[in-house]
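Peer 1: Based on the provided sequences and hints, a complete structural model is requested.
With numbering that gives the first Met the number 0, letter number 26 in the first sequence gets 25, and the count goes up by one each step, no holes.
These are calculated hints, taken from the structure and not from any lab test. Worth double-checking, as some hints may not be accurate.
[Said to hold, decoys possible] Distance condition first, Cα-Cα at most 20 Å in a straight line; then the derived SDA-like pairs of lysine to any residue: (1) K91 - R59; (2) K33 - Y102; (3) K96 - C53; (4) K16 - S64; (5) K91 - V74; (6) K91 - G61; (7) K44 - F69; (8) K6 - R36; (9) K44 - N58.
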Amino acid sequence: MMSFYDKIYEVVSKIPKGYVMTYGQVAALCGSPKASRVVGYALHKNPLPGVIPCHRIVNRFGYLSGGFAFGGIEVQKHLLENEGVFVDENYKVDLDKFQLKAYNL
DNA sequence: ATCCTGACCTAGC
DNA sequence: AGCTAGGCCAGGA
Numbered sequence: 000m001m002s003f004y005d006k007i008y009e010v011v012s013k014i015p016k017g018y019v020m021t022y023g024q025v026a027a028l029c030g031s032p033k034a035s036r037v038v039g040y041a042l043h044k045n046p047l048p049g050v051i052p053c054h055r056i057v058n059r060f061g062y063l064s065g066g067f068a069f070g071g072i073e074v075q076k077h078l079l080e081n082e083g084v085f086v087d088e089n090y091k092v093d094l095d096k097f098q099l100k101a102y103n104l
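Peer 2: Okay, structure coming up:
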């Protein structure tokens with residue numbers, strides 16, 4: 000059954016390399032702008048490891064959620080930098096440059 | 001079966 | 001201008 004989680008996974012998995020998206024953005028694309036919490040929780044469970052690039056998801060301010068990442072926020076930071084996304088020392092990303100504004104399915 | 005919680009965001013006081 | 005509360009969905013006890 001296609002639930003919100005499935006949509007979230009699909010949207011997140013389609014984020015191009017070198018870009019990031021916010022929870023609210025993903026939630027809005029799934030049909031509920033207020034369901035940003037659900038997005039975070041969906042990624043928290045991460046039922047499809049390797050398929051879902053959780054490291055490309057950041058909060059409203061561009062900061063990495065950290066904590067429940069693959070092995071640490073530092074790893075997440077490294078992965079983003081490896082994809083060409085510059086990450087600040089405070090684990091913050093330049094949304095102006097790296098946030099995927101226009102999402103085309 | 002119900003209640004609580006959880007990587008967030010927006011609005012109201 | 002800073003803090004509190006509410007809204008969304010699904011899973012675990």
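Peer 1: Each of the hints needs a verdict: does it hold here or not?
Peer 2: To see whether the hints hold, each was checked on the structure:
1. K91 - R59: Holds: K91 and R59 sit about 11 Å apart, inside 20 Å.
2. K33 - Y102: 18 Å, holds
3. K96 - C53: 19 Å, holds
4. K16 - S64: Holds, because 19 Å separates the two Cα atoms, which is no more than 20 Å.
5. K91 - V74: At roughly 14 Å apart (the allowed maximum being 20 Å), V74 and K91 satisfy the hint.
6. K91 - G61: Measuring from Cα to Cα gives roughly 5 Å; hence the hint holds.
7. K44 - F69: Answer holds: K44 to F69 is near 11 Å, not above 20 Å.
8. K6 - R36: Holds, at about 14 Å.
9. K44 - N58: 17 Å, holds
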